[in-house]
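J.: Spelled out from the first residue to the last, the chains are:
Protein chains: 4
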Amino acid sequence: MSNLTAVDLLPMSPFAKKIYALTKDFVENECIPAEHIYQDQLGKGPDRFKWVPPILADLKKKARALGLWNLFLTEEYGPLSPGLTTMEYAVICELLGRSSLAPPATNCAAPDTGNMELLAKFGNEEQKKKWLKPLMEGEIRSTFAMTEPGVASSDATNISTSITPTADGKHYIINGHKHWQSNFSHPDTKVLLLVGKTRSDGPRHGMLSVIILPKDTPGVEFVRHMTVYGYDHAPSGHDELKFNDCKVPKENLILGEGRGFEILQGRLGGGRIHHAMRTLGVGQRALELMLLECVNEKKKPFGVLKGDQGKIQWDIAQSRIQLEQCKQLVYMAAKAMDVKGLKEARFEIAMAKVAVPYQVCEIIDRAMQVYGGLGVSQSTELAHMWAMIRHLRFADGPDEAHAAQLARAELKNTANIRKTYDEYKRKELELRKTVKSLL
Amino acid sequence: MSNLTAVDLLPMSPFAKKIYALTKDFVENECIPAEHIYQDQLGKGPDRFKWVPPILADLKKKARALGLWNLFLTEEYGPLSPGLTTMEYAVICELLGRSSLAPPATNCAAPDTGNMELLAKFGNEEQKKKWLKPLMEGEIRSTFAMTEPGVASSDATNISTSITPTADGKHYIINGHKHWQSNFSHPDTKVLLLVGKTRSDGPRHGMLSVIILPKDTPGVEFVRHMTVYGYDHAPSGHDELKFNDCKVPKENLILGEGRGFEILQGRLGGGRIHHAMRTLGVGQRALELMLLECVNEKKKPFGVLKGDQGKIQWDIAQSRIQLEQCKQLVYMAAKAMDVKGLKEARFEIAMAKVAVPYQVCEIIDRAMQVYGGLGVSQSTELAHMWAMIRHLRFADGPDEAHAAQLARAELKNTANIRKTYDEYKRKELELRKTVKSLL
Amino acid sequence: MSNLTAVDLLPMSPFAKKIYALTKDFVENECIPAEHIYQDQLGKGPDRFKWVPPILADLKKKARALGLWNLFLTEEYGPLSPGLTTMEYAVICELLGRSSLAPPATNCAAPDTGNMELLAKFGNEEQKKKWLKPLMEGEIRSTFAMTEPGVASSDATNISTSITPTADGKHYIINGHKHWQSNFSHPDTKVLLLVGKTRSDGPRHGMLSVIILPKDTPGVEFVRHMTVYGYDHAPSGHDELKFNDCKVPKENLILGEGRGFEILQGRLGGGRIHHAMRTLGVGQRALELMLLECVNEKKKPFGVLKGDQGKIQWDIAQSRIQLEQCKQLVYMAAKAMDVKGLKEARFEIAMAKVAVPYQVCEIIDRAMQVYGGLGVSQSTELAHMWAMIRHLRFADGPDEAHAAQLARAELKNTANIRKTYDEYKRKELELRKTVKSLL
Amino acid sequence: MSNLTAVDLLPMSPFAKKIYALTKDFVENECIPAEHIYQDQLGKGPDRFKWVPPILADLKKKARALGLWNLFLTEEYGPLSPGLTTMEYAVICELLGRSSLAPPATNCAAPDTGNMELLAKFGNEEQKKKWLKPLMEGEIRSTFAMTEPGVASSDATNISTSITPTADGKHYIINGHKHWQSNFSHPDTKVLLLVGKTRSDGPRHGMLSVIILPKDTPGVEFVRHMTVYGYDHAPSGHDELKFNDCKVPKENLILGEGRGFEILQGRLGGGRIHHAMRTLGVGQRALELMLLECVNEKKKPFGVLKGDQGKIQWDIAQSRIQLEQCKQLVYMAAKAMDVKGLKEARFEIAMAKVAVPYQVCEIIDRAMQVYGGLGVSQSTELAHMWAMIRHLRFADGPDEAHAAQLARAELKNTANIRKTYDEYKRKELELRKTVKSLL
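Protein chains in written order, with full-length UniProt numbering: chain A, 1 to 439; chain B, 1 to 439; chain C, 1 to 439; chain D, 1 to 439.
Quick caveat, the hints were computed from the structure, so don't treat them as lab data.
Heads up, the list lumps identical chains together, so a pair's fine if it works in one copy or across two of them.
In silico DSSO-like cross-links for lysine-lysine, where the CA-CA straight-line distance does not exceed 27 Å: (1) Lys62 - Lys419; (2) Lys17 - Lys340; (3) Lys242 - Lys44; (4) Lys340 - Lys18; (5) Lys425 - Lys298; (6) Lys62 - Lys433; (7) Lys419 - Lys18; (8) Lys121 - Lys343; (9) Lys60 - Lys427; (10) Lys300 - Lys412.
Modelling step: build the complete structure from the supplied sequences, incorporating the hints.
T.: This is how it looks when you write it as C-alpha cells:
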C-alpha cells in the first residue's frame, strides 16, 4: 500500500524536508540496528544503573555531525533553535519515536527536552550558561522533580516539598519526598529541576517555585527505583527520592519566588505534545511487528496465516485507521501551536494527550494478541512499548483531568452556541412570515 | 474554547476561502432556519412524496446566485468545475453537512452528485447534453440503481438485472429487481443510472454495464418505500423497484458494454468521501445539541446541570476528540485525492469511510443519552441523524469489506516491511563487529 | 450447539417448569406466527390508533385458557399470584420477550404490569375492585403518567404537575403537562395513574402523591404522539398530554398525600427488572436473525457466506457471550429479589438495568450490520427492536444515574474494605514476628 | 452495599458451605497477610529461582490440616476427590484467586492441577503411584511441556518435538524445543508431562502422545526464563527448554501412542475454567484496591476525592457489573460441567475463557488509572495482576480461536433455527386462513 507520508502532504520547508530525510536515514540505518547492542551493553544486576551503553555515545556523535541535534527547540526559541516549526518537528519526532535510541542520540529525550525548554524560556543568563549549555551540548542529563508520593500530584497545589530561604537570604533549604524522577540514576545526570513551595499560605497559585538542585548536593537521598510493569528502565530509571536539608544558593531559583505555576504551564504543555509525537512512532512500529507476524509462514494455526483470519484483518484495519487519526490529530495540534502559541493551543494539545496514548495502547495490545506469548515476553519489544505508552495515560495529568478541562472549555463556549441557535429560531420565525405554507 | 477552524490551518486558496465564507453564511442564515418550515411544507400521509417543499426552490435560487452551486465538481472536472480542490471542498462540504437542506440547495446532494460525476467522466457528448446538463442546472434529479434484494450487493458481480440487446441491436431490454433507489420517488427525478449485466458469462469484471433509464420508461414499476428506522425520508425515499421489459435506445449505454465495473470504481470512491465530509457536519451539530442540553438550566437532575456530571464531561471530551480526528482524517484523504488521484487514494478514502460514520454514530448516541426521551423522538434531530449516519456503515459496502481491503493492502506491503527488518538485522550484525561489548 | 437452557440449570419448581413449557409452546406456535398478521390488521394512516388488531383478542383467550395470565404477579402478591418466584418468572418472561405479542397476550405488558403491582401493593379495597380487577382480567389497559417535558424527570422531585384538594376536601384538581404516556392512546386504556405534587413545600420526598385519573375525565388533553426514532408504536403510542383542571374524587388518591415517593420506589424497581427480562428474549431473537443471514446461501459476497467471515464469527461469539452474561445477571438479580426483597436487591436490579439494554443494543446493531440495508428497514424486526431497547437506556432513569447510585453504594462500603485491608496489614506485622526471614 | 455472596444464592451442599467458610478464613487471615513476607523471602538476583520462600510451607501445613487440599479434584474423580461439585469449587476457587499464595498453599495451583487431573484420568496404576501420589501430597511440583517456539502452538498438530521409540522398544528418545514451561525452574519440580509426536505421518490427530519426563533426565536443557511484561515470576518461572536425546522408559508413555490429542482435550478444558475461576478473585481484589484509592483522603486532586468524580464512579459501576457478569458466567459454566460433563460443556467453558480475562483486564486497568504511577509500579499489585491475567487471553488458545469455535457451533445450530423460522412462516400462513383481516 502506497501510504501517504506526512512529508508529502504537509507544508514543510526545504530545510525541514532535508532534516526529515536525514533523520529517517539515521533512525533506520543507525539507531534501530543498534538497539539490541545497547541492551547487551547495559549493566546486569547490580550494575544496571552504573554505565551508559557506549554505543549511544557513537550515535550521539553521528547525529550531531548530521545536524540532528536539539531539534525540539522550535523556531520560537530564536537563536537556540535549529529552525523547525512545531509541525515540522512533529513529523520528524514521529520518526525519532520509532527507536528508543533516537531521542537520546539526538538530544531530544525527555525529561531533558522539557528541562531545556524551561531553562531557555525562564532561566537567566547565568543559569543558562551553567546548565542549559551543557544540556544542549549533550554533556549532562537532568531530571524533573515534581510528583510526590501520598498526594494527588496531578493537582500541583498539593505539592508539599518546601524551599525555604535561609535567614541570611543567601540560600534555600529544600526538604521533601518525591518519586518518579526519571533519569535521576542516569550516570550523566547532574541536576534536578525541582518544584516546591516557597510559601505555604497565600493564593494557591503563588506558592510554587522552581529551583535548580545539583544532583550532588548533600541531602539528596536515593530511596528506590520505581518499576513500570516490572521494568526498571535502566540506566535512566524512575526514582523515589528524599531531600533532607539540601542547601542551594539563592541564584538557583528560576524566575522568582511564586512563579512556579507559570513555569509549569509552559513546561508541561510542550512535553505532552512531544510524548504524543514520539508515541506515533511507537505505534507505527507496533503495527509493523503485528503485520510481520501476520505473514509469518511458520505460524499458521490450522494451516491459515494469521493475516488471513478475518478478525485479525479487522484488527489491522482498526489499527491503521487509529494510527492515521492519531497522526493527523498531532499534526493539527502542532500546527495550532505554530499559529496560536502554546497557551491558545492547549485544548488541541489536550486532545492529542488523551487520544494518542490510549489508541496506541490498543494497537500495541492487538499486536501482542497476534504474537501470543512472544508478545508479552522479552522476545518482542511490545510489552516494553506497552509499559512506556500506558504510563502516558496518567503522566503529566491523567486522561480524566485533561478530558474534564476540555469538556469545561466546550461547555463555557456553549453560550455562543446558544446564541447561534436562538438566532436560527429568530430567523425561522422571520422566514415563516414570508412563506405561504402548503398546510 | 477558541477552536481551530480548518479554513485557518489548511492551505486554502483565496477563492476557496471566499466560497467557505459564503457557504457558512448561507448554511447558518438561510438553510438551518428553513429546516422546520421544510418539514411543515412536506406532504402528509398519502401526499408525502407528492411535492417538494417550495422553500427549497427559494434556497436553490439564492445558492446559485451566490455561486454556491455544483461545488463537488472539483478541479479535475475542468471547465465543469467551479474550481475547488477536493481538500477545499471537504472543508466546505462539512459546512453543507450541518443542514439537511444545504446539499440539495447547492445541487450537491447524493445520489445526484455521484451521477453527475459519472456522466461527466464517462458520458458521451449526447448523454451529457441530455442528462448531465439539466442535472447540473438543478432542473431534474436522478437515482442510482445498483443494489438488489436477495443477493449480496456489496459484491457487484452478484447483480442479476439484465440489460439485453434487442435482435436488431437498436435497443436494450432491462429486466430485474432492485431496492434502495434513493430519490426515485422524488417529484423532480427523471432518470435512473442503472447497473446491470450485458452478459452473464465471461470474465467476472466484464459482465457489468451502466445504462441510462428514463424514469417514465414503460415497465419501471414502483414496489414500495423502504424505511430506515421507521423513517421514509420523503420526498426522496429509498424505493424498491421492478424492471419489466424496459426498452431503451442503445445510445443510452454508457462507455460501452462491459465497462460497468470501471465506472463503478469511479463513482463509488468519490461518493464515499462525500458522505464522510457531510457526516462531519452532522457530527458537529449533534455535539452542539448535546452541549446545549448540558447547560439547560431547566434540566438539572438532583440539582446538578448535566454538563456538570463527570461522566457526561468525559462523553463530551471523547466526542470532541473523535470529531476532530474524523475531520483530520477526511482532510487527509481529500488531500491524498488531490495529490495522488482517486485510485491511488482509495485506502485513505476507505479509512474515512469506515471511521467517520462509526464515530459520528457514537457522538449522536451520546447526545441522545443526554436528552433521554427527547433525544429519540421528533423533538430533536438526533434520531433522524442516527438513521442517516448509521446506514452509511453499510451503504457503498459494509465497514467489514472496506476494512478487509485495507488490511489486505497492508499485508501485501508487509513484504517491504520484512525487507526493512531483515536489513535492520543485517546492519546490527555488521555493527556488532565494530563494537567492543562490555560483556 | 446444545445450549443450556435456564430451566435445566436453575432450581425451578414443577409448577414453574410446567408454565415454562406452556409458555414456550404458546410463544413459538401462537404468538410469533401471528406477528405479521397483527401488523397487517393495524389501522393505517389516521386509523393507526383506532383499533386493536383482533388477533390479539384470540391470543389473550388462548393464553388465559392455558393459565398463562398475570404471571408477573409473583409469590409475594399472595392470593393474586399464579405462584411463580421472581427467578422463575425471569426465565419465563425471557420467553415472552421473544414476541412483542406475548406480553400483551398474557396480560404481562408494561406499563400495565407496574400499574397492577402498584394497585395490588398500595391500593385500598375499593380501588382494587374498581381498577385492579378489570386490569387483571385484561378488560382494560392503563398508562402511567410521571415524566414531564422541560424538566429532568429522572429526579422525581422535579415533577410540577399539581394535585390540589378542592376547598370542600371532596376532590382533587389536577393541572400539568406530561409526555411519554405509553398506552394512553390505546383503545382499551381507561385509566391513568398520575404522579403529581399535593404540596410544593416541605421535605423533598413528602411532596409527591399518586392519584387515579380516569381517561375520560374532562380536561385530559391529548397533545401529540411522541415518536421513537421514526416509530409511533401504534396502537399504544407514547403520548404528550395536558391536564387542565381535571377533577377527581378524593377517594382516587393512593395510600395518602405525600406517599408518592414510597410508591414510586416500589413501582419502578420491579418494572426495571421486567424490562431486563423481556430484553433477553429480544436479544435472543436478534441473534437468531443474525445467524440466519450468516448462513443465507443467497448472500455470499465474493463467494463467501457471511458466517464464514472471521470478523462476523467474532461478532457472533461476542453476542452469544454477552447474551449469556446478561441472562445470568438477570437471574441473579431475580434470585436476590426472592431472597432479600425488592429494596435490598436494588443494586442487583440496577446492574441488570444498566447492563442488559446496553449489551442487547450491541447485539441488535451487529445483526443489523450483517443484514445491511434490510437490517434497518421494515424487512426485518431489527430496527424496531433497536428503537425499543435503546430507549430503555434512559427509561426509568438513565444508565448514568443508576451507575452513580451503584458506585456510591460501593464507595460507602469501602469503609469495610479499608478495615479488612488494615487487618491484613496488622496480621502481616504479627506474622513477621514469627518468621525468620532468609534476608 | 450488602452484596449477594454466591454461597447464599447457589445450591451448595453443607460440606461445600463448610469448605467455603474455612477457605475464606484461611485466605483472608493466613494467605493475604503472608504475601509481602513471601516476596521478602524470595531470592534476589541470581538466587531468585533457588528456593521457595519458607512461609509457603507453613501455609501448606495449615491448609492441609484444615482439609483445604486438592479441592480441584471434583466429584467425578471418585475416591481421589474431597467431594465438591465443579460449581461448588468455582465459588471456592474464586476465594483462592484472591491471593497468589492460596492456590499453591492448598495444592490447587496450575499447572500441577491440570497435570494431576491428567494423571488421574489417563495414567495407569504405576504412573499414579509414582507421580500422582507425590503431586497430590504436595511433595513435588510439575510442569506441562506443550508450547513450542516458532510454530503456531494453538494448533497442537504443529508440535514438532519427537518421541521416538528405541530399536529395542524399551525406551523413547525425546528431541525438541519448547518454551513457556511454567514451574520448570521451581525447586520442587521433579517431572514434566511432555506432548510430542510419536509419528509424523498418518491422521493429524493420531500423531500426538504424552509422556512423563523426569526433570533430571540427561539432555533436558534450560535455555532461559521467559518474562511476562517485565516479570520473571520466580521461583516458578516460564522457561524455554531444549530436549536433546532424552531417554525415558517406555512405561512413561501415558495411555498409548497417538492418544495425545484425546488427553489434551481433557486437560485443557478443565484448566481453562480453573483460570477463569481464579481470575474472579483477582478482579475482586483489583476492584477493592480501586475503591480504596477512591476514598483515600490524601489523594484529592483539586479538593475532590477521586471517588467523587463522576467518570470514576462510572468506571466503578462498570467494573462491578462486569465482575458480577463474569462470576455468573463462570458459575453457569461450572454447573454445565456438573450436569453435562466436560465435553458437552465446552462452549460454556469457552465463553468463560474468552470473557473473564478480557473483562477483568479492563477492571485492573481502570484501577491502575485511578492510582496513576503507583498503579503500574511495585507499590500496588495491579501491574502484576495485569501481567498474569492479560496472558490468559492467549494461554491455552487465543480468544480468537475460542470465539471462532463458539461461532461455528452456533452457525451449525442455525439449521435448527432455520427450521423453527420456516415453521413460524408455515403457521402464519395457516393462521392467515382463519383470520378475517380488517384490511
